[in-house]
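Participant: The lines below spell out each chain.
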Amino acid sequence: MSRRKFDEMSDYDSGRDRKRRRTDAVEIEDRLESLIIRVGEKSTSSLESNLEGLASVLEADINNYKSKILKILSDCAVKMPEKTTIYTTLVGLLNAKNYNFGGEFVDMMARKLKEALKACMWKTARYVLRFFSDLVNCHVISTNSLLQLLHTFLDTARDDNSPQVRSDTYVYAVLSCLPWVGRELYEKKEQDLERLLKHIEIYVRKRSRKHVPGLRVWRSDRPHPQEEYLDCLWAQICKLRSDMWQEKHIARPYVAFDSILCEALQHNIPPLTLPPHHADNTYPFPWVVFRLFDYTDCPEGPVLPGAHSIERYLIEEHLHNIIKEYHLERKQCAAFLLDFPLKHKIPLEYMIVEVVLAELFHLPGPRYIEICYGSLLIELCKLQPATMPQVLAQAVELLFDRIDTMNVCCFDRFVNWFSYHLSNFQFKWSWDEWLEASQLDPMHPRAKFIIEVLQRAMRLSYRQRIAEVVPEQFDCFVPHKPEPIYKYANADASDIPGADAAHQLENVIRAKGTGNEVLQVLNELPNPLRENDETDPPYNPLQIQVFVQTLLHLGSKSFSHAFAGISKFLKVFESTVGSNEEAQILVLREMHEVWDHHQQMMVMLCDKFLRTQIVSCASVANWIFSKEMMPEFAKNYIWEIIHATIRKMNKHVGRLQREVSEAREHRTGNDSDDSSSEDEEQRPRPSEEEIERMEEKLEAAQADQKNLFLIIFQRFIMILSEHLVRFDTDGRDFNTHWYRWTIGRLHQIFMMHNTQVERYSQTLSTLLFTQDLDPHILDAFNQFVALRS
Amino acid sequence: SDNNIFHTTFFLSPFGETINLFFFSEAESRMSGSVDLSSYRDQHFKGSRTDQERLLRNSSTLYVGNLSFYTTEEQLYELFGRAGDVKRIVMGLDKFKKTPCGFCFVEYFTREDSEMCMRYINGTRLDDRIVRTDWDAGFIEGRQYGRGKSGGQVRDEYRTDYDSGRGGYGKIVQQKILPKIP
Chain C
1 MSRRKFDEMS DYDSGRDRKR RRTDAVEIED RLESLIIRVG EKSTSSLESN
51 LEGLASVLEA DINNYKSKIL KILSDCAVKM PEKTTIYTTL VGLLNAKNYN
101 FGGEFVDMMA RKLKEALKAC MWKTARYVLR FFSDLVNCHV ISTNSLLQLL
151 HTFLDTARDD NSPQVRSDTY VYAVLSCLPW VGRELYEKKE QDLERLLKHI
201 EIYVRKRSRK HVPGLRVWRS DRPHPQEEYL DCLWAQICKL RSDMWQEKHI
251 ARPYVAFDSI LCEALQHNIP PLTLPPHHAD NTYPFPWVVF RLFDYTDCPE
301 GPVLPGAHSI ERYLIEEHLH NIIKEYHLER KQCAAFLLDF PLKHKIPLEY
351 MIVEVVLAEL FHLPGPRYIE ICYGSLLIEL CKLQPATMPQ VLAQAVELLF
401 DRIDTMNVCC FDRFVNWFSY HLSNFQFKWS WDEWLEASQL DPMHPRAKFI
451 IEVLQRAMRL SYRQRIAEVV PEQFDCFVPH KPEPIYKYAN ADASDIPGAD
501 AAHQLENVIR AKGTGNEVLQ VLNELPNPLR ENDETDPPYN PLQIQVFVQT
551 LLHLGSKSFS HAFAGISKFL KVFESTVGSN EEAQILVLRE MHEVWDHHQQ
601 MMVMLCDKFL RTQIVSCASV ANWIFSKEMM PEFAKNYIWE IIHATIRKMN
651 KHVGRLQREV SEAREHRTGN DSDDSSSEDE EQRPRPSEEE IERMEEKLEA
701 AQADQKNLFL IIFQRFIMIL SEHLVRFDTD GRDFNTHWYR WTIGRLHQIF
751 MMHNTQVERY SQTLSTLLFT QDLDPHILDA FNQFVALRS
Chain R
1 SDNNIFHTTF FLSPFGETIN LFFFSEAESR MSGSVDLSSY RDQHFKGSRT
51 DQERLLRNSS TLYVGNLSFY TTEEQLYELF GRAGDVKRIV MGLDKFKKTP
101 CGFCFVEYFT REDSEMCMRY INGTRLDDRI VRTDWDAGFI EGRQYGRGKS
151 GGQVRDEYRT DYDSGRGGYG KIVQQKILPK IP
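In the order they appear, the protein sequences are chains C and R. Number 741 in full-length UniProt numbering belongs to position 741 of the first sequence; there are no gaps in the numbering. Number 23 in full-length UniProt numbering belongs to position 23 of the second sequence; there are no gaps in the numbering.
The hints are simulated quantities; they were obtained by calculation from the structure and are not laboratory data. Each hint should be verified, as a subset may be incorrect.
[Stated by the list, open to error] Below 20 Å or equal to it, Euclidean Cα-Cα: the simulated DMTMM-like pairs (lysine to aspartate or glutamate) are: (1) Lys557/C x Asp94/R; (2) Lys651/C x Glu107/R; (3) Lys428/C x Asp127/R.
Between the sequences and the hints, there should be enough to build the whole structure, so can you do that?
Facilitator: Listed below in structure tokens is the structure:
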């Protein structure tokens with residue numbers, strides 16, 4: 001029915017009829033949406049007949065529901081990249097029946113592309129480009145106009161004023177279309193295709209690869225080269241080209257409709273000018289392709305596609321997309337991964353494990369929280385108990401084999417994941433395979449891996465369990481009994497200064513004494529810093545020692561006990577420690593003396609001290625880098641503390657930023673639509689002074705944050721420089737275990753906190769990471785910078 | 001099987017033809033999301049059902065069940081800390097003995113982190129036992145005690161299996177089977 005007729009009729013209809021027609025319309029729209037979204041799913045009819053049927057239905061309703069159909073189709077094109085060929089076929093069939101509709105669809109997609117590029121939605125843009133490419137196969141778009149668009153994308157390679165990551169993003173989009181349209185271009189426009197590839201080749205050769213070393217999971221290329229992502233895809237496309245563009249993975253329903261489609265008239269993609277580079281633009285980080293398995297690792301059966309086969313690329317992309325789609329529901333995610341179409345043609349479990357581990361080990365950081373992958377792997381083992389656990393065990397063996405050159409960030413994640421995984425399987429493992437590690441230096445990656453895994457495993461269970469589970473050769477790796485060391489335990493006054501006061505304090509606290517009573521005891525203590533009556537030391541170290549050790553001793557039963565004690569006597573901390581950094585470091589030092597054998601307790605106590613502001617973030621950083629803590633420096637718990645400290649600082653700054661922007665919006669009345677006018681009346685608008693005070697607070701926090709990073713980086717530079725100079729003087733090779741762990745930890749700070757560090761990048765390059773620095777140390781900074789250049 | 005519903009859509013085109021499109025579809029949304037509310041509602045909750053459900057939907061506190069009596073606070077912090085920063089953990093205690101009786105409350109700082117817990121920790125193991133996490137309306141003093149007659153959890157009164165991590169047989173079974181020592 002034409003619109004005009006509808007309106008005429010409404011003059012005569014009753015209101016009820018009009019309403020019914022409207023709800024009918026909505027119902028039909030919903031039905032259409034459902035039909036379009038679900039085409040391609042399991043059905044008793046063939047895909048071809050469903051597509052044919054659906055095309056007829058849609059074509060019949062194009063006049064009434066055109067904009068809705070256009071919208072649904074364009075959304076599906078972008079949101080379901082795995083069904084690209086299904087939707088291009090549908091569009092092709094519609095175009096064959098209705099040329100104007102095809103044209104409007106192409107225009108809509110072109111607009112979508114432009115908006116995506118402007119908004120830096122690179123994945124969307126890539127999928128639109130791919131959709132356009134496949135529409136060539138369906139005779140909806142002319143090859144010439146596609147080639148023109150592809151060349152426009154490649155033109156970014158000539159722009160010297162924008163970062164490499166920009167042109168990388170555009171070139172990657174072009175390359176990722178070629179599996180779909182390569183064959184068609186080869187058959188119809190071979191020379192143009194060759195020209196296109198030549199441009200890409202030149203670009204790929206001249207690109208900088210400064211960012212690569214920092215993004216590799218392993219330093220070594222043995223046994224599998226760790227390739228940069230664009231290099232890898234280029235190699236895969238080159239191989240596809242040498243195979244005459246015949247690929248075996250993509251299902252192409254349009255082939256069955258060729259006789260209909262080739263009768264259709266084609267459209268041109270409206271010419272597109274790319275939005276120029278803006279300093280505010282964000283581009284995807286480059287990455288290095290994770291390769292764990294090759295075909296020799298898989299048993300008899302379907303062959304693992306080679307590293308440079310396009311099938312490997314396509315299947316991996318699909319698996320990553322399944323994880324992206326279902327990562328919030330691990331059971332569904334596991335089910336869909338295992339139900340992969342064409343699963344009988346590939347060693348599916350191996351590819352799934354490689355893809356999941358690729359995400360877990362991704363640099364600078366995994367896409368989702370680590371436990372997402374850990375629990376997903378457990379789900380996969382549950383669904384496929386006959387094969388998954390073995391493949392995973394094989395993966396662990398390979399990872400352990402290659403752990404010598406593993407990046408420190410990934411090492412930590414491997415430790416955390418493996419201990420968690422074992423805790424779900426009764427810590428059963430073939431430890432005997434790794435017995436040789438007990439002969440190694442404890443700083444050797446293999447030995448260290450076992451030591452750290454057992455530490456984590458102990459935290460998830462208890463020490464005796466772990467001691468029983470490992471072979472006796474690993475006794476040297478089993479952690480200490482996590483018990484406190486209280487230096488005043490058996491002492492009396494003659495032995496250790498403060499012992500008497502400590503015992504007195506114990507009684508006071510056990511008798512539920514107040515903070516003042518505690519201070520009374522502490523104030524009796526002499527101050528070893530006081531040289532004569534003139535000087536007034538800023539704090540009394542003896543007081544702090546006695547107080548901290550006694551308090552932690554009394555609260556040693558559990559975390560709750562310790563936290564309760566600390567909370568109760570915050571005033572005492574304020575009096576005896578205050579904001580003096582040396583005093584704060586002394587608190588941490590005493591804590592370490594008491595809890596040296598219980599790493600988890602130390603992590604928790606540092607967290608508590610920071611939250612109650614007994615110590616500052618800067619104090620924690622300076623304590624970690626102090627000479628006394630150097631023997632602990634390589635242990636994972638130290639870095640747990642540092643990263644938690646940085647994260648806490650970042651969260652604090654983030655919170656204040658949000659408060660300020662919310663307050664500003666509230667003040668100018670630009671609140672979101674959710675807040676009703678009632679709410680606004682109840683919440684008074686913040687005054688300009690209030691906002692200024694909040695901004696001052698924010699600035700102070702940002703200064704603290706900057707200061708924290710400066711301290712950490714400066715200390716790194718100092719100890720690394722000192723090491724390099726010392727070894728150079730002695731004529732020894734500086735590349736010791738300690739060196740590799742330490743430089744790895746520096747790299748880890750850059751990776752884990754790269755968004756915040758980015759803010760201070762200028763300052764860092766001016767003040768700390770200057771050109772005169774040793775190139776090994778400067779390199780860590782340069783790799784971080786290369787992520788965005 | 002129940003899941004395979006044969007979904008048929010008839011479409012009436014304006015020209016009067018009936019076009020049948022058959023789709024083989026999974027039962028729509030039968031699978032509950034990992035973050036959804038369970039069917040359990042605390043009978044001792046002071047307030048209306050609506051209040052309770054509102055609190056549950058916004059809560060950052062989780063009830064954790066099926067723990068071993070020997071599971072420590074340290075172990076809980078280690079596991080639950082992997083979903084996000086833990087604000088506090090309150091151990092569930094036997095009302096009389098004041099010893100752990102197999103449950104606890106875990107409170108996160110943010111709702112987002114507690115959702116991570118529901119998604120990734122619920123249904124996995126701690127001390128070899130599958131732990132169950134569920135939304136809680138919020139810890140109130142007194143709720144850390146078991147509500148069973150014997151002091152532990154109600155479920156440990158009635159269960160009939162032998163569970164070495166939870167005091168052996170259920171309390172009622174224990175009284176029947178094990179003779180009282182004179």
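Participant: Hint check: Lys428/C vs Asp127/R, CA-CA at most 20 Å. Holds or violated?
Facilitator: holds, 13 Å
Participant: Is it true that the CA of Lys651/C sits at most 20 Å from the CA of Glu107/R?
Facilitator: holds, 18 Å
Participant: Does Asp94/R lie within 20 Å of Lys557/C when you go C-alpha to C-alpha?
Facilitator: holds, 18 Å
Every hint, counting from the list given before, is met by this structure.
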